[in-house]
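Colleague: Chains as they are written, first to last, in my numbering: chain A, 1 to 472; chain B, 1001 to 1472; chain C, 2001 to 2472; chain D, 3001 to 3472.
Heads up, a few of these hints could be off.
Claimed, not checked - Here are the simulated lysine to aspartate or glutamate pairs, DMTMM-like style, with alpha carbons at most 25 Å apart:
1. D:K3089 x A:E63
2. B:K1070 x A:E322
3. D:K3068 x A:E36
4. C:K2264 x D:D3282
5. C:K2346 x C:E2430
6. B:K1335 x A:E36
7. D:K3089 x A:D44
Think of the hints as simulated: they come from the structure by calculation, not from any bench.
If you want the building blocks of each chain, they are given just below.
There are 4 protein chains.
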Amino acid sequence: MAKIREECGVFGIFGHPEASNITYLGLHALQHRGQESAGIVTSDDGLLYEHKEMGLVSDIFTEEVITKLKGTNAIGHVRYSTAGMSHLKNSQPLVINHSKGQQIAVAHNGNLTNARTLREELESEGSIFQTTTDTEVILHFIAKSKEQSLEKRVIESLLKCKGAYSLLFLTHDSIIACRDPFGFRPLVLGKLGNSFIVSSESCAFDLIEADFIREIEPGELIIINKDGLQSFMPFPNTGHKHCIFEHIYFARPDSYLFGDNVYKVRKEFGKQLAIEQPADADIVIAVPDSGVPAAMGYSEQSGLPLELGLLRSHYMGRTFIEPRQVIRNFGVKLKLNAIRSVIDGKRVVIVDDSIVRGTTSRKIVKMLQNVGAKEIHMRISSPPMKFSCYYGVDTPNDGELIANSLSVDEINKYITSDTLGYLSLKGLLEAVERSNKNTSGSNFCNACFTGSYPEQLVDKADKLQQLHLFDR
Amino acid sequence: MAKIREECGVFGIFGHPEASNITYLGLHALQHRGQESAGIVTSDDGLLYEHKEMGLVSDIFTEEVITKLKGTNAIGHVRYSTAGMSHLKNSQPLVINHSKGQQIAVAHNGNLTNARTLREELESEGSIFQTTTDTEVILHFIAKSKEQSLEKRVIESLLKCKGAYSLLFLTHDSIIACRDPFGFRPLVLGKLGNSFIVSSESCAFDLIEADFIREIEPGELIIINKDGLQSFMPFPNTGHKHCIFEHIYFARPDSYLFGDNVYKVRKEFGKQLAIEQPADADIVIAVPDSGVPAAMGYSEQSGLPLELGLLRSHYMGRTFIEPRQVIRNFGVKLKLNAIRSVIDGKRVVIVDDSIVRGTTSRKIVKMLQNVGAKEIHMRISSPPMKFSCYYGVDTPNDGELIANSLSVDEINKYITSDTLGYLSLKGLLEAVERSNKNTSGSNFCNACFTGSYPEQLVDKADKLQQLHLFDR
Amino acid sequence: MAKIREECGVFGIFGHPEASNITYLGLHALQHRGQESAGIVTSDDGLLYEHKEMGLVSDIFTEEVITKLKGTNAIGHVRYSTAGMSHLKNSQPLVINHSKGQQIAVAHNGNLTNARTLREELESEGSIFQTTTDTEVILHFIAKSKEQSLEKRVIESLLKCKGAYSLLFLTHDSIIACRDPFGFRPLVLGKLGNSFIVSSESCAFDLIEADFIREIEPGELIIINKDGLQSFMPFPNTGHKHCIFEHIYFARPDSYLFGDNVYKVRKEFGKQLAIEQPADADIVIAVPDSGVPAAMGYSEQSGLPLELGLLRSHYMGRTFIEPRQVIRNFGVKLKLNAIRSVIDGKRVVIVDDSIVRGTTSRKIVKMLQNVGAKEIHMRISSPPMKFSCYYGVDTPNDGELIANSLSVDEINKYITSDTLGYLSLKGLLEAVERSNKNTSGSNFCNACFTGSYPEQLVDKADKLQQLHLFDR
Amino acid sequence: MAKIREECGVFGIFGHPEASNITYLGLHALQHRGQESAGIVTSDDGLLYEHKEMGLVSDIFTEEVITKLKGTNAIGHVRYSTAGMSHLKNSQPLVINHSKGQQIAVAHNGNLTNARTLREELESEGSIFQTTTDTEVILHFIAKSKEQSLEKRVIESLLKCKGAYSLLFLTHDSIIACRDPFGFRPLVLGKLGNSFIVSSESCAFDLIEADFIREIEPGELIIINKDGLQSFMPFPNTGHKHCIFEHIYFARPDSYLFGDNVYKVRKEFGKQLAIEQPADADIVIAVPDSGVPAAMGYSEQSGLPLELGLLRSHYMGRTFIEPRQVIRNFGVKLKLNAIRSVIDGKRVVIVDDSIVRGTTSRKIVKMLQNVGAKEIHMRISSPPMKFSCYYGVDTPNDGELIANSLSVDEINKYITSDTLGYLSLKGLLEAVERSNKNTSGSNFCNACFTGSYPEQLVDKADKLQQLHLFDR
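In isolation and in its complexed conformation, chain A is listed as follows (with noise of 0.2 Å):
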């Protein structure tokens, strides 16, 4: 029950009668990377069409939308971001025209960490910007690009471009896919009969029943046309840093993605976590749902019995007036109720994926106690987040992560619980190693428990000031 939100998911396909309903299905799988706005830009007989709508999936793509979407090939997109930001011009896939009255669409996932020097730039040689997106820069440099082709003009942009980006490009007769060195965020290969997917998570592909072909590799850019699939890898090697957070909470555990099932990762977290951090407990319980998997492998390790002890409900509504007379914890108990059946009189070990805030963690440790925990033992399957993220990742400030100003014992005490006990880095990697043999924990970016940042960050300096510059 992490607050930190993934910023965006992303869907093409190349080629198939079909591709406006097809992407709807696959955005519908990636929902959970982004429930503010989504977008689906197609291509059909050279022209482009568009619709983007704040909101869920679901409730954007109507048969009438998708009927106008005409053509067979497709992106889509779905966002999430901070409330400054969220005006539907800001949502993607980003559409402009450029020279010779060339139409070209692009969706993102990640994020440029020299964004606003590149603005900056940009702006003072007389270029002009519709939305606060560091999307829209890219655009800007392919346009402005002297080479002739479109992959030569977004390899020569994106050399200028730092940070995560895994990002899908439209023209009217083609889709380019291409993902950052590091590898940041994910992006996957598959087909559909003889039309080729790329999408954020491989879930869309199960539910499309296309096939699972490949990763598409960090620093690879590929281009789909009519004349198949062509791959190159123009950008210079810096090993891999993937986001080991899309483990650890963002991606859908029914995705394969950075080699492994995030479910089996994540269960190995858990197992990990109570080899580490054992308790002398009576039953394990999950902060649902994405405490779940690691829950599963606590009780499996410890050969504690795994219980039902918080049930979520999945009715959520738009806003809620808190009476008057104050009901504790009113927020979290929207989301979550404790049976106490299960829970009174037991000592209780908690599983849950992060502490971000340590509120809500706070509140489902006081839920417990009144509903009789005798103990209550927080167990987290990640470090200490103490580093704000800058590829991608909507978290807090550094100032705004307890982990970055508590010490382990003093969030023990803020949260109220008996005992707290974090996965150590060493453990997560090890276990991410032991899920697969293949993996090595080195290719994964540590940076919020660490701070040690794969690149310079450019435009670091204050996070929120860089907000404040670009939006309102």
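Got chain A; can you put chains B, C and D on it based on the hints?
Modeller: For chains B, C and D alone, kept in the frame of chain A given last:
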């Protein structure tokens, strides 16, 4: 993942300054009992205020609506109904004017089994009906009663009615709550500060931090007004017949009803199932979400590890257009996805709460086969459902229930599992009794398994025809 | 620009393959008779289909809705009602089930003057009421009648009702149309191909190119079914009392009713007004749109040139927030603007159809003063309105009618015009007679001017109280 | 009842505490200039706030939206556009970020005649376009300008643009208003208390009780900021070419522009038409609403009585399905109805402002014939429209204008009137001059009648192709 649906949930509060907001929260907690329409009626200074709409509770009751529902007393209702009857005018609470301009509102969970006969009787005497609900019949009798007090009018009316009713009435100065003598549907009493609360399930009390007092007894009628609460037992003693399906599937796992916690009972079913229907297998998985508690019990009893083999999507849309290039089991795929790394090569026990028509079970088995299950052992935590319910559950006609015409072996063949095992009725009732020593299995209605309806069904004849007559 | 409102319009068609679409178009033409809600009920193969919504006809009846309203027979209704009564459940047609599962729908234009008494009588016998409309009373009587045929049941019921009713009933195989013996509200008969049509006003026939046949007579009841049309005159002859305000303000100028064309009559009022209330002025202007025909008549008779001095905006919004820096006459300004170049320095005759509370007239006079009018001579094409209407028009209570308490001189002072002249009752009726030689002025109800109500008002007492009792 | 449409209206206010609400009211008064989308941008404390939506002003700007549009300065825009271009992203004001993070918003009424050429030039230099509007071109030039002050940047940019523009720019601390040297579109200056206001038409001032100061001169640029108002005349003098169709049809009759009141001028056209094109007839009627002032002038000059022969419905719906049993002239009938009692047996002069394709006129003539007109004399208060407009009016291509290919006699035959008479160009200009002695007819653009465009049309070639290139 049963395909049968509860028809209603009710909630009421007397003497609270935020009656409509509290009722809104209560209905939100009861949302699983009816997702088609919802309504709240409040009373303030002698007048009733109402708001009803099609849709989900949290979409309907905006702050603006809540504010207009003035007064310190309120009753609310969530409703599911079959397609043909889904008119707003059938939604509840139903409000009428009767003698001397008095207003009365009613919210009903259950189903009268002699409604058609009573309705024809009333119509032949010149009564008019504006809804197609059985509830309207009760109001006609109350209006026609020569008794002076409302409670006597209500009692006189209900003595004519057969079947299931957990009822809430709201007048300008009181709430009346009543449960049929068999006690088919649950109804519980709570208190928030000095205000009495009545709810279909206790989970609504947890959200608003109200105290659970007791269940309202089968055959009990209580009046709540400014003088407090008065209880009556005006109906002949018939013995109790609680709906066992509340425990099997309908109620929320965190609720306490019929003398026990639902999750605890459900897990006991799973344990008993493991004893009666063991399987030589590698793992146990659940059909989420309803099969989870029984699967946990099965795993605990059998020692087979519990795994997350099917993932449920919680983003459901209004409509999806199936691509022409047919996707196998498209409807189920939108809700469930099988995790290959868990299932592949395994002998799998899969636990579900019930089988209705068998079509969904068949699709789920096929999904597991497609991701490489070596063997599939379907286990059902209730006996074969053979007979339609006439007490407030939306079941298909007998003929559409697969167990009505096929044997267990034949069903196993149809759904293409390797083995299929149901919990026995004896085992089901023993499990209920084991979970709570004070509970008797004979207090539960088992008509859906045995066809032994507690009372003669006056209007049975043909369930479909009954609907046809009342509705279009 | 009168502030009083007609309460309803009705339309029906029998035996047409596109009954719902034709009814939709008919209601669109009758939209001026009620803008708050609209409904259509159709009958097909023994079943009734209904759709009712708050809002404008063209917003409610989308192609999807029209398609669902199957069948060859339909009745429709547009409704305006006072704020407190604006519930969807009060909208019409009202559909009920009564003896032997029969369904009947009713659409009503008018108002019963003994509804409260009848309702109390029914309630005391045990009837329940789900709406606060007087129309529901009629349905109760029909259901209770011991007569066999529907027409006899209707007649028996209406013999108990006093007041104004132009009614349409729809059953599974017939339409019944009926007009009260006084003929307060209009009701006309037409034919489209072989299909009979009934409508409040003839303007609906023009849109669909139906032929006008005749007016349905006061006190006439007709049945339309597959055998054709039958006419009955079952009510005692009372003499006619048509609502003169249909001619003055309500009806569309292009309609033909009460034996004459509305525009022609309205222009005759203007001529008579010029004879009775001449003015030494430079120009004549109208308060648009309702004052235009009378202003044309005034100009023609007086020889004073007609000018466009006030422009009406046809883009009206839901809500406007008045700026804090107060704008004088903001409400009227949103609807009307005075043209300075026309008014400046001129002596202006301004013609309106009526004055209700006087507040709007006062604002209009001030607008003209602000753009430089030298003199303002207000002329009203009807006599002073002194008494509230009980026959289907939404007028304020007597006490709120400015002419009930103030003399013409005092009103002139209040609205700050230089002179004020009303048409005399004698002149009004002479004008009606002059426009059509066969019309007698004595056939019109003049109760709003004289207080001489055609029948004793059973429930009069206090109009406000009546509403209070029925509604909240 | 012309079928051509104005493309935009603009409104701005500087230094008012309720800037967004005043702008909302201003746009409401300008609604006739664009009904497809509307937007407001405000500036507060260095930040811009925007809201744009498809739809009518009063539906878009709810109290909630107005409240969010903070600040004391605002500009707004209403827009109509051809079907293909009706994307929200093309709606205005357009807001961009440019050098040093500065924000600028622009609202444009008019059309640049060299936009395609300029756009291709910019694209070839690497600029990207996110809308298909010509307005985006201006923003690119402003961003690229090396000038320091915004006014110099704007001037430098506009010197590259040809065609029609009445423009409002909003920055964090100023409003700039500018009108092209020909003065095609109107733009007027007013004052509300101490706050300067700019509007397309003066009618917006009346609603908010602002004072009219003067028209902004063709070729004038003004800057309004906290220091007051500064005026510049930076463009070469070209002579004036006001759009005569503002007087003929577009502008509201109560507006004052191009030195005169629109109603007064329009009535003068009617008088001149009566002189040039008399008719031996019984009555004069107008095609409402736009033909009314000219019909009044025709009646006054000719002495023929003015009658209400055609009634216009002001309840227009989204969609109507024409019944299969074809209704003649269905589309026109939904808007207009002929009054038989006025027309029957009469020789009728019918006055309209213009004929575009001729199809509507033909239908109107047929409606009059159907209600018994003896003779029909169509009179048009402007010369035959033969050429498409490139200065901000949505006219069809030359080939679709009936007068481009048919003579007056042939048009008369096509629309089946008895006689047809147009106002001469000479008479039109004389009427303008007669209405205001200080006005010269040579100051008006008459290209739609003569094809003499004031400037060479750079991008003319094919108007349709131009749209195709920019849009899909």
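Colleague: None of the hints should be skipped; say for each whether it holds.
Modeller: Here is what the structure says about each hint:
1. Proximity of K3089 of chain D to E63 of chain A is assessed by CA-CA distance (about 22 Å); at most 25 Å being required, the pair is judged to hold.
2. Between K1070 of chain B and E322 of chain A the alpha-carbon distance is near 17 Å, which keeps this suggested pair within the 25 Å criterion.
3. With a C-alpha separation of about 20 Å, the suggested pair K3068 of chain D and E36 of chain A falls inside the 25 Å cut-off, and the hint holds.
4. A threshold of 25 Å between alpha carbons decides the hint, and for K2264 of chain C with D3282 of chain D the separation of about 16 Å falls inside it, so the pair holds.
5. Distance hint between K2346 of chain C and E2430 of chain C is unfulfilled; the C-alpha atoms sit about 32 Å from each other, more than 25 Å.
6. The suggested pairing of K1335 of chain B with E36 of chain A holds, with an alpha-carbon distance near 21 Å, which does not exceed 25 Å.
7. Simply put, K3089 of chain D and D44 of chain A have alpha-carbon atoms about 21 Å apart, close enough for the 25 Å limit, and the pair holds.
The structure does not agree with numbered hint 5 stated previously, though it agrees with all others.
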